[in-house]
Amino acid sequence: MTLHHYLILAAVLFCVGLMGAFTRRNAIVVLFSVEIMLNAANLNFIAFWRYSDNPELLHGPMFTLFAIAVAAAEVAVGLALVIAVYRHFKTVDLESIDTLREE
Amino acid sequence: MNEQLAFWVLAAIAVLGALVAVRKRNLIHGVFALLVFFAGLSGLFLLLLAEFIAAVQVLVYIGAVGVLLLFAIMLTERVAGDGGQRMTSRGWFWGLVMAVAVFVVLLLPAIQQLPSPEAAQPIKPSVEELGKKLMDPYVVTLEVMALLLTAALIGAVTAAQGVRMPKEEDSPE
Amino acid sequence: MSLELITDILIATVPLMLVFATLFAFTTWLERKALARIQNRIGPNKVGIPCTRISLFGLGQPAADGIKMLFKEDIVPRGADRLFHLLAPILALIPAMLVLCFLPLEFPWTKSLLPVQAFLLDGAVIFFFAITGLNTLAVFMAGWASRNKYSLLGGMRAVAQMVSYEIPLVLSAVIVVMMVGSLNAAVIADAQTGFNWFVFSPWGFAAFVIFFIAALAETNRSPFDLPEAESEIIAGYFTEYSGFKFALFFLGEYIAMFAISGLAVTLFLGGGDGPGLAAAPWLSVVWFLAKIFALIAVMIWLRGTLPRLRVDQLMGFAWKFMLPLSILNILVAGFAWHAQQQGSTTITVITWVASIAILYGTASGLNQLNRGSARPRKYKYAE
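Residue numbers (my numbering), protein chains in the order written: chain A, 825 to 927; chain B, 60 to 232; chain C, 717 to 1099.
Because the hints were derived from the structure by calculation, they are not lab data. A few of these clues could be false.
Claimed, not checked - Computed, partial: chain C to chain B, Cβ under 7 Å:
| no. | residue |
| --- | --- |
| 1 | Gly839 |
| 2 | Phe843 |
| 3 | Gly849 |
| 4 | Phe856 |
| 5 | Leu899 |
Note that CB positions come from ideal geometry on N, CA and C, so glycine has one too.
Looking at chain A on its own, in the form it has when it is part of the complex:
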């Protein structure tokens, strides 16, 4: 399999995630979509590392390791925020949480 197969797959996954983030009203599904996008980017990193000229530098796995750690922290904080928002608004529907909008 050439590099291009992996790149196109990562692009498809990224756009599926993007579509999910733009299309759904539920805050948690938007978090799903962000995770899908982050994972697609990780796939890109590892694919480029695998087909690179000097893979012993291990830049792909290092970056991906840190990206996974950051993504896990971001999901934790994001879900804590969603829970706090739910406690106030009693819903996680992004269309109805619009108190900052001008009337």
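Given chain A, put chains B and C in place with the hints provided.
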């Protein structure tokens, strides 16, 4: 031949999992589809000979992030999916157009037929090398990541707990 | 997929499944008999060889139990999520059986075909922990799909317990990986040949105790079996399961016990090391299985002896006692590794004494800290 078959099967699993995850009304089904996506991606990492990253993907994403998402769904809604409301947001059509446009832009290099790089060089996957790299050039990143995770832990606990309102009266003796 | 590859895979995995399935049947019999004797009764002693009247201490009981469970009616509650209700026991069984392949069991007939274990992975230990984490998902799925308040509550408690005890489990395995310098299970087992086991050092012993207690909590065994205790929550997350699905859960739980005992034996107890190996190399399998069996016997013994922990005691034990102790253990083991690199005997002795003192002091200190304030009760109305 085996590698090709594995790639197509894992790619199909990943894409289907992602699609079902963002289109399902029932969120619990969506989360499990997302976990299938993570598993497919872990298989792809194994195919690319990054076995430590594949294990970390399963450990962190499926084991921890999946469980976290499930708990958050339990805590925040009537889970069978809000039956009455619409699932899609108000601007869904233009969102879809934007996603397709981003896809086309990302594919432009492939469409313009850039020469494909040569076949992959043989890699000997080694966890020990990863450990050495963590200590030698990347040690500052490691320490910053530890700080970040600690801050995220404290922040998540504080944000989810909420502010304790001071009690108006003392509890009866 | 060449035929040779398929036969290699079959020869590597089928003996494992057969051996552990037989061990599972034997262990259920042993558990019932041992628990009964601890509780001053006899246990199953009627079913011996089937279709005869010979009762060999009840050794045919597992077969009778299996046949009974196969023929029970399979009831799915109305309104339950049928797909997940079916998938949960399967998802509970698959990780348990999968991690059995990472153990360095050297079956003698596989010497010519595959080296040591079924999957010869460089990062076997971390794959083990990654796949054991899938058990939490199966438990949650079981609790959720049953559409039963008590199942859901039991499932969430079980998930909280398993997630909390994963951290001391992994941290105590990190000590062994640090001392050996490799994540490969075969390399770790080979580094302990000649009775050089890791239990025989103070940090290794502390790590083994922490690992064993965390393993008891991971597999929901007594005294951590709050999620599936009969007097607490009927049966917790598998209340609504009957027949073959319950049998699959049961099988999954016992195989998970075997797998984690196998990992404990590999990491701490030498994994196949024992007397008489130079003469007969096939004895390593016997020693490995004997050690797993000894750990299972200790687990059954603990189940019959200790009372159950309450949920807040359980969580407090994990986060306030075992986690600080295991982190300190890593620190002590790090210092000890550097001291061992020096090579002189006095430094080794000093390190041992210091580490024993530090670990014991920390354990007692944490114990004292978590004891809580137990003042004598003040009765308001009964003066």
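Requested in this report: Would you settle whether the hint for Gly849 (chain C) is holds or violated, based on the nearest Cβ-Cβ distance to chain B being less than 7 Å?
Outcome: holds (3 Å)
Query raised in the report: Against chain B, is Leu899 (chain C) within 7 Å by beta-carbon distance?
Result: holds (5 Å)
Query raised in the report: Does Gly839 (chain C) pass the interface check with chain B, least Cβ-Cβ distance below 7 Å?
Result: Interface hint status for Gly839 (chain C): holds (5 Å vs cutoff 7 Å).
Query raised in the report: Any CB of chain B closer than 7 Å to the CB of Phe856 (chain C)?
Result: Result: holds, 6 Å to nearest chain B Cβ.
**Report entry** Interface hint outcome for Phe843 (chain C) [beta carbon to chain B under 7 Å]
**Finding:** Result: holds, 5 Å to nearest chain B Cβ.
Violated hints for the displayed structure: none, as all numbered hints are satisfied.
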